[in-house]
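Residue numbers (the numbering used here), protein chains in the order written: chain A, 1 to 345; chain B, 1001 to 1259.
Hints should not be assumed to be uniformly reliable.
Looking from chain B toward chain A, a few residues come up when the C-beta cut is under 10 Å (computed) [what the hints assert, rightly or not]:
#	residue
1	D1010
2	G1012
3	V1013
4	L1014
5	R1024
6	E1085
7	H1251
Coverage of chain B stretches by chain A, computed from C-beta distances (three or more under 8 Å per stretch; other residues unrestricted) [to be verified]:
#	region
8	1016-1023
9	1093-1107
Worth flagging that the hints you see were computed from the coordinates, not collected in a lab. Positions of the beta carbon are idealized from the N, C-alpha and C atoms, including for glycine.
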Amino acid sequence: MDGGGSNHGAPPSNRPAIETEGLCKSYKDVQALRSVDLRVEPGTVLGLLGPNGAGKTTAVRILTTLLPPTGGSARVAGLDVVADAAALRAKIGLAGQYAAVDENLTGTENLEMVGRLYHIGRAESRGRARELLERFDLTDAGERLVRTYSGGMRRRLDLAAALVARPPVLFLDEPTTGLDPRSRIGLWETIEDRVAAGTTVLLTTQYLDEADRLADRIAVIDHGSVIAEGSSDDLKGRLGGERLEVTLEDRSQAEAGVTALSEICREPPSVEDGIVRVPVRRHQGVIAEAVRRLDAEGVGIDDIVVRRPTLDDVFLTLTGRPPEPEDGDQEQATGEHAIEREPIG
Amino acid sequence: MTALRYAVSDAGVLAVRSLKRIPRQPDLLTGYTIQPVMFVLLFVYVFGGAIQTPGYEDYADFLLPGIIVQTMAFGGFVTALGLSEDLRKGLVDRFRSLPMARSAVLTGRTFADIALNALSLAVMIAVGLVVGFAFSSSPLEVVAGIGLMLLIGYAFSWIFAFIGLIVSSPESANAFGFILIFPLTFASSAFVPPESMPDWLQTFAADINPFSTMVDAARALFVGGPAGNDVWGATLWCLGLIAVFSTLAVHRYRRAVTR
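With the rest of the complex left out, here is chain A (with noise of 0.2 Å):
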């Protein structure tokens, strides 16, 4: 539908799509971001992960030349954010918290808005703002107003202005903030369809399912800084691996259970309610070795399953606090945006 071109002016394939150095952000007492070192290689998602106020908006602000930083460096589609931020602005797109969108203008007159600014002249403007509207769902709408839109057509409208012309970063900050499931998954599914196509995405978000489903990469950032990076196989590995979880046909059989499988333990299991969880050392084959020397034992099995630590888990552990949105700043949650009307007419 796009007819390609996504890759359009991408970096060179060896250096990073996006890389910071040491970036750092401080306010007249606060410190909002404290040397942070990001990499993001050309057609890859990287998940900016943490509370609200950690910085990720910051990062996103820096990175999008809307904020100068105050100490170390950032380059984006090899472009360094303050001395080339001019040339920069033509290689990003942005869809932010808000759905920055005018609401006294139709859809259609929002994007076509967006591609004037963006310089790639009327007709191409035009021609873009039909294709995107389709491929968004929403050229039904595009002759309405966007102040009749629903939350969720707003923000499916801000991501294709950010499309608009074909940037190869795009930096979307909390996309899904605020939004129903049903419109969180097609979003997903339009992300994951720009990356196919070789975008690379930055993405903050305070979700960890949205992090674990989208991105390649995932940065744990926390107060300023980024205190884990990796895949989300790494992070949840970095947690310690494994529990194998057995839930027992008679729970009186929970102490021979416990001595049963006592060998094959990195820590003492925990019995609660007939299921004995286990921590184990290693995936391969744990299931085969449980269920043989429970066996063995006479120990009856009702169901067996290794469960492997969720990224909340890997939150919890790293900042010591659930991935709960903090203190104030909830107004995404309760604002206008949060509720799903449906679209009228």
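Since the structure of chain A is provided, determine the placement of chain B on it from the hints.
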């Protein structure tokens, strides 16, 4: 050369955007058409009989230049409203992340105001002619007067642009504009001769208030009478306001961030 071309075309794109909004928000359109008409009618028929304006046969002749200047001064209000909304809704972030001319967001809006002010100017002159106002100066002076009115409107657009960028919400932009500019327009020669005011106010209204200079210049150009240095004074005031407030607004815009 390319930079200049983009500065102009980007401002044009955004001016069109600002103008499209007006017919879509009937309350704004009312502000540019019905409201000035209402003001003219109320002043002429309610206060007209009670206000003595020595040297003017008809109160409409005295009033219309004053009410036109007041309407021009408030015409830029939509710029404060729009900028403050753009900031709050994150549109300014989008614009600042685009490869467009940095000046265009401000110049686009202030250019659009000129078109809107021209609209209300036409409406008010038409209504004025109906209620008894008559041009009694040369056509050249009338044209110069219209030019000066639009310049006054443009100068106030920059004041409103600055206000829109410093306040936290469209509502406070509204309050700010009314508290600052409304008293200024009344404590002037716009609606009554300053001679009828108490001494302390008279000094301000006749000699200090730049708004009176603008109104007196409008009277000189539209109905004749002693212009003195008012036309030059008003022009200089406008250029000065534009210089100061466009600098302040641009400076503020560069640092503007959402929330």
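Are three or more residues of the region 1016-1023 of chain B within 8 Å, CB to CB, of chain A? holds (count 3)
For the hint on V1013/B, just tell me whether its beta-carbon gets within less than 10 Å of chain A. holds, 5 Å
Would you check whether L1014/B satisfies its interface hint, that is, whether its CB is within less than 10 Å of any CB in chain A? Interface hint status for L1014/B: holds (8 Å vs cutoff 10 Å).
Does the nearest C-beta of chain A fall within a distance shorter than 10 Å of the C-beta of H1251/B? It is violated, given that the least Cβ distance between H1251/B and chain A is near 15 Å, above 10 Å.
Given hint R1024/B near chain A, where the shortest CB pair must fall under 10 Å: holds, 5 Å
At a threshold of 10 Å, is the proposed contact between E1085/B and chain A supported by beta-carbon distances? holds, 8 Å
G1012/B as chain A interface residue, shortest Cβ-Cβ below 10 Å: holds, 9 Å
Given hint D1010/B near chain A, where the shortest CB pair must fall under 10 Å: Cβ of D1010/B sits 6 Å from chain A, so the hint holds.
Counting residues of the region 1093-1107 of chain B with a beta carbon closer than 8 Å to any beta carbon of chain A, are there 3 or more? holds (count 9)
Checked against the numbered hints above, the structure breaks only hint 7 and satisfies the rest.
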